[in-house]
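Engineer: Residue numbers (the UniProt record's numbering), protein chains in the order written: chain A, 1 to 776; chain B, 1 to 776.
Some hints could be false.
Pairs count within a copy or across copies, as identical chains cannot be separated in the list.
[Stated by the list, open to error] Lysine to aspartate or glutamate pairs mimicking EDC-like chemistry, simulated, CA-CA at most 16 angstroms apart:
hint : residue 1 : residue 2
1    : K645      : E746
2    : K645      : D744
3    : K645      : D745
4    : K765      : D565
No wet-lab data here; the hints were simulated from the structure.
As the structure is a computational prediction, the values presented were derived from the model and not from experiment.
Protein chains: 2
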Amino acid sequence: MANITKKVSWSSRADDSAAAAAEEGTPLLLNGSEQRRFSRQELSRSQTREIPHNEKLLSLKYEGLDYDNIENQLFLEEERRMSPMSFRCLEISRWVVCGLIGFLTGLIACFIDIVVENLAGLKYQVIKKNIDNFTETGGLSISLILWGGFNAAVVMLGSILVAFFEPIAGGSGIPQIKCYLNGVKIPRVVRLKTLLVKVFGVICSVVGGLAVGKEGPMIHSGAVVAAGVSQGRSTSLKRDFKIFEYFRRDTEKRDFVSAGAAAGVSAAFGAPVGGVLFSLEEGASFWNQMLTWRIFFASMISTFTLNFFLSVYNKKTGDLSNPGLINFGRFESESVEYNFYEIPLFIVMGAIGGFLGALFNRLNYWLTIFRIRYIHRPCLQVMEAMLVAAVTATVSFTMIYFSNDCQPLAPENNEEYPLQLFCSDGEYNAMATAFFNTPERSVRSLFHNQPGSYNPLTLGLFTLTYFFLACWTYGLAVSAGVFIPSLLIGAAWGRLCGILLASFSPNVSLFADPGKYALIGAAAQLGGIVRMTLSLTVIMVEATGNVTYGLPIMLVLMTAKIVGDYVIEGLYDIHIKLQSVPFLHWEAPATSHWLTAREVMSSPVTCLNRLEKVGTIVDTLSNTSTNHNGFPVVVQALGNDEPGKLCGLILRSQLIVLLKHKVFVELARSRLTQRKLQLKDFRDAYPRFPPIQSIHVSQDERECMMDLTEFMNPTPYTVPQDTSLPRVFKLFRALGLRHLVVVDDENRVVGLVTRKDLARYHMGKHGLEELQLAQT
Amino acid sequence: MANITKKVSWSSRADDSAAAAAEEGTPLLLNGSEQRRFSRQELSRSQTREIPHNEKLLSLKYEGLDYDNIENQLFLEEERRMSPMSFRCLEISRWVVCGLIGFLTGLIACFIDIVVENLAGLKYQVIKKNIDNFTETGGLSISLILWGGFNAAVVMLGSILVAFFEPIAGGSGIPQIKCYLNGVKIPRVVRLKTLLVKVFGVICSVVGGLAVGKEGPMIHSGAVVAAGVSQGRSTSLKRDFKIFEYFRRDTEKRDFVSAGAAAGVSAAFGAPVGGVLFSLEEGASFWNQMLTWRIFFASMISTFTLNFFLSVYNKKTGDLSNPGLINFGRFESESVEYNFYEIPLFIVMGAIGGFLGALFNRLNYWLTIFRIRYIHRPCLQVMEAMLVAAVTATVSFTMIYFSNDCQPLAPENNEEYPLQLFCSDGEYNAMATAFFNTPERSVRSLFHNQPGSYNPLTLGLFTLTYFFLACWTYGLAVSAGVFIPSLLIGAAWGRLCGILLASFSPNVSLFADPGKYALIGAAAQLGGIVRMTLSLTVIMVEATGNVTYGLPIMLVLMTAKIVGDYVIEGLYDIHIKLQSVPFLHWEAPATSHWLTAREVMSSPVTCLNRLEKVGTIVDTLSNTSTNHNGFPVVVQALGNDEPGKLCGLILRSQLIVLLKHKVFVELARSRLTQRKLQLKDFRDAYPRFPPIQSIHVSQDERECMMDLTEFMNPTPYTVPQDTSLPRVFKLFRALGLRHLVVVDDENRVVGLVTRKDLARYHMGKHGLEELQLAQT
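Here chain A stands alone, though its shape is the one from the complex (with noise of 0.2 angstroms):
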């Protein structure tokens, strides 16, 4: 068992996820209820047949992010402090901030634009060349050799990169950003290492041939730059620059992060709203009109920066006509209109996408299983993307070499790398359109080339082929994304059903042009792989430059998210699901109202006292099989052997930084100059505190005494024991908290709920369900 969940890991690296846990301080919250529940499971677990997945675990190992601020008295003494002109000049520098995401994650778009365009153009040039000449001559097999061999050395390359020195920059990074900005602190996401090995990776993907996407990765990029930006210092690189001190801290990074992830989207595909519209839809909890406004900014210079650089690179200065990486070119209504008739036929297309979206779901999720249990070793993982790199290589060699579709090659035919093969003079291969490109440019084609520019076998055989290759490649230790090869298998099928359409009734007009077809069928793909709704929308509207289809669009989005939802979940989803991610939904299961706080919290909770004795402390923080992150502070009433009455929350974070500074009350005593404690203190040890083993405490200053009055949360959100699920977690989720206290009636601690006691319920097949803890 141990062996399967533990490569489960996102750090695919079983050995590395306790360092890194201890390196992060980011210890596992494990209540003692918990503990004991745990081992039941185990116990259980045991007697039943072994597990071969563990969707139905949740993992001990993600820690939550604290969007609750820990108003302390420290905290509000600063507040206090602070002029209403300091207030604006920090929402200015919010604003700079912003800015700065914006401008550095739409340069990091045009840097892998510019590299990709070139490096692939460079290979395209080439193996053509090659193709041409052996075309002739004859011994083609030494141009798939070439072809397959210099995509398998570039695709490891770029796997080495992620399987050896950073595995969490593998895949699109969507999933990742998708939980941190849910609350939950996934390790290593927003370093900087992580973004060096995004970007060089995708670039291995792209040039290598694989059926990826460059746009993916971008929306993590611009995530990394936003955390990294927005603490003014780099701990990789040990440099504090000595600006935005008052940022360090999950609630307003977290908000960065937010801004910075939109900027990606925003350069991806050229859709600032779509950006802002994805930030919010998948963390929402923490949501102001503030904040939605920077964000938008921070959008805006992104595809503004990248439109810039790029309009100069192409020597057009000024022309802001290419506002993100993927560019689908317009749709002018004149030629490619809809009537309403036609919104069934739209509304078919969606249900297919679902259809065929939920079978990409569901053969991935298999795949991953398979590769979670024996591709776990990082040279495994980085020779089967090589396979694959080669594997596709051949299969677009073979296709494009069996396929019969000649095209006249008509002068307003703007192919950059037309395939004659044995087409006759004056003709191109169509297949090689699709196949023998990046695949940008093929989602191009497709949208655009005149009618008649494929012929229905060419399109329905790149389906099938491009299907199953792009199912086979996401998952694999490369960094790339999946929404450019879900595009393009539907934009092929959806020009197949327009062929098909304007075959079968040559005299309606409105089926003459398969493009808009192929735009739909894109539309459904994507849909029903990721189940995206209101930021998928107005991505394809803002990326097609023109609102009519919206409608369309929406429908057909729609449908595909009913009729996928029904077979299997979104591709993120179950990616998330896999890695037992403590990921809260929007909302509590509907029937879980019987469940109330009392049976969810974690209980006995260890508590401290307002004065406690040092010792205490270091065996409570040193204890490993309860290894807490937050600590009600109580009030003993004496002689009493009741619990204590709250009076505020601590987090271990804290007591490590007022460990390591020898905060006693006995040192304060003695040595009168010694500096008080700052939250600056507090600040630059944010985000990774040392663990505990770390900090050494002498036998005798663990019989000193420490104060926690001025550094515990005074007011923690509480709730009493009989408040309901759906309750508890409304209060949760809206408020983003990390701890809440469960209070009697007298104002005594009786448990504490925290995000794996929530996300542990959540609706099945047969009712509710709940997932059992693990330590992976």
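Since the structure of chain A is already known, use the hints to place chain B on it.
Structural biologist: Same frame as chain A, now just chain B:
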């Protein structure tokens, strides 16, 4: 003073407000301390100079909506009885309701559009014929009288409807809906009568030629439709369809109202995404993904319905190119592209828009103060409206008459009513295209007429006159919106800027088309007046049908907001402030950390016992001096005079229902067969609970006891006394609370925080200011 403040009410009838409050069952919440504070303020106020307006007051007239579910035993029992299937049915019926809301809102928009177009068409035809006649024969003053008289008559009709029948239907309704979404109950705002007056009122205003638009009122109309449909009954018509009974509470109703508002925006501007964002911007305290999705659905259906029926009406069935009431016409990006060095120009225009908007708001503010003081009798209001109508016609006529801007009647020219007047044959008067038209058409002409259609003087004069006309018009007792006039003013000066630019630099081809400057000017002016941001950008982008302009529009709106906010608030906010509505902003004032719940709360609080004497309850409810709405339920320690321990919270409305059904302990014992009170009884009484005066309780019954255990909310949210104001604010706002109980560390009730206690504090010019509470 009373004379001034009482007239500020949106209902504009002082004698009404008490009756309305009683009728609505929404008496004033006023706790002891507030009462004291109030009297103190009364005192201090009378000592200072007379306050010319009451924006520094906070009305106690407005109740909060209850966005927090009352999770009492009845509710929990019902929820626990429900199967997963019934939750699914509930979810489906939510979708059905949203679909209906969208459909009906679209139909209403369609109705308004068709009626206005026909009536306005008829009017302009008659007057044109008349003018054409009299131009030849002389005696144009007769035309003027005809025009002015007709306008005044039609406006009188609309104004009488509003002033005498339903004052709340006046204006655009957007401030009212903003307040509703914010969580304030505005009396009569979502009634059927309001809807009818609104619809016919807006038709009269537009046909009457006022400087108004028909778009703003759609948002209000959508909200009323939503509030009606979702309740499955009409209280006004006394029809109960016995459906959707589950939705008969504030929590559900507000969700539907936000969908209705979004559907209204969507129908008005053909902007479904903009609609969703509008609802989000105004009411995001309650927000989750499924709700967003449903709101989106309603928006989509709404624009689609409008589009479809208009296409049928225009005999082009299925041509879906009229998604909204206003249609800016397509901006084709080839013809009107922009370059990045135009961006500074746009920003300057944004600043101008911000400044002009602030000027508009300042003037309108003074005007509103004047109206509050002197024009508060309905007949005066009607007369003012008629005067404005006549003046508008006269000014228009004069401008057209004295304008020398004759343009050739080109064959591609699509003016519907080209006025020749004193122009030569084959020419028409350009001033008339702006004045002699519905404002929607004028906006479109300014955007799209080819360069040279207007001369600069015409545009300058038009801007000047229309600016003052629009400013005078907003706030009249007619139902009308300010969106289109703002756009029109902006488009006029924007086009003027474009023409000037082109004349200064005749060689730059980019400046050739003034249409894009008209668009930018329109955005700037509208942004400067209403100060909406995200949603307005999206609305503009969706209405122009071109995403390319997203970026400049955003920048322009931002600039306009920054510049405008420096001078005065947005128009809607001004009017909300003048109504003294306890509106909660997104965050507590930045410098309010030194305030704690202790200072903010109302205290002492009237508490009830779990088992309370009926007489006490009746007396508490009847006490008009302390018109509480929520009562903490406490358990009193025996033989102890201390405050009791909190064990629940019960609302006035619940107590009223209990008293009405005589749920007394003694009666339950004697009459065993008596039906148990169910949730249905509370739902049937919602939302117009009878006043306490209408319930007869005999002297015997006064001695009975009432057991509140089953009906009270056993787990109200609480905060300790030391909680800082921002923290209280966050909890209150995030959960949409109405009452927040403040407890000491023994869980004893010490105070109650309500909306007014929080809305009282705001950032003024000199730091934190406290508004006064007034019984207006």
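Engineer: Taking the hints in turn, state whether each one holds.
Structural biologist: The hints, checked one at a time:
Taking the shortest alpha-carbon separations for K645 and E746, both the intra-copy value of 7 angstroms and the inter-copy value of 8 angstroms come in at or below 16 angstroms. In this assembly of identical chains, the alpha carbons of K645 and D744 lie at most 16 angstroms apart whether taken from the same copy (9 angstroms) or from different copies (11 angstroms). Proximity of K645 and D745 under a CA criterion of 16 angstroms is satisfied in both settings, with 10 angstroms inside one chain copy and 7 angstroms between copies. Taking CA atoms no more than 16 angstroms apart as the test, K765 paired with D565 passes inside one copy only; the shortest distance there is 12 angstroms, against 53 angstroms between copies.
Hint violations for this structure: none, all hints satisfied.
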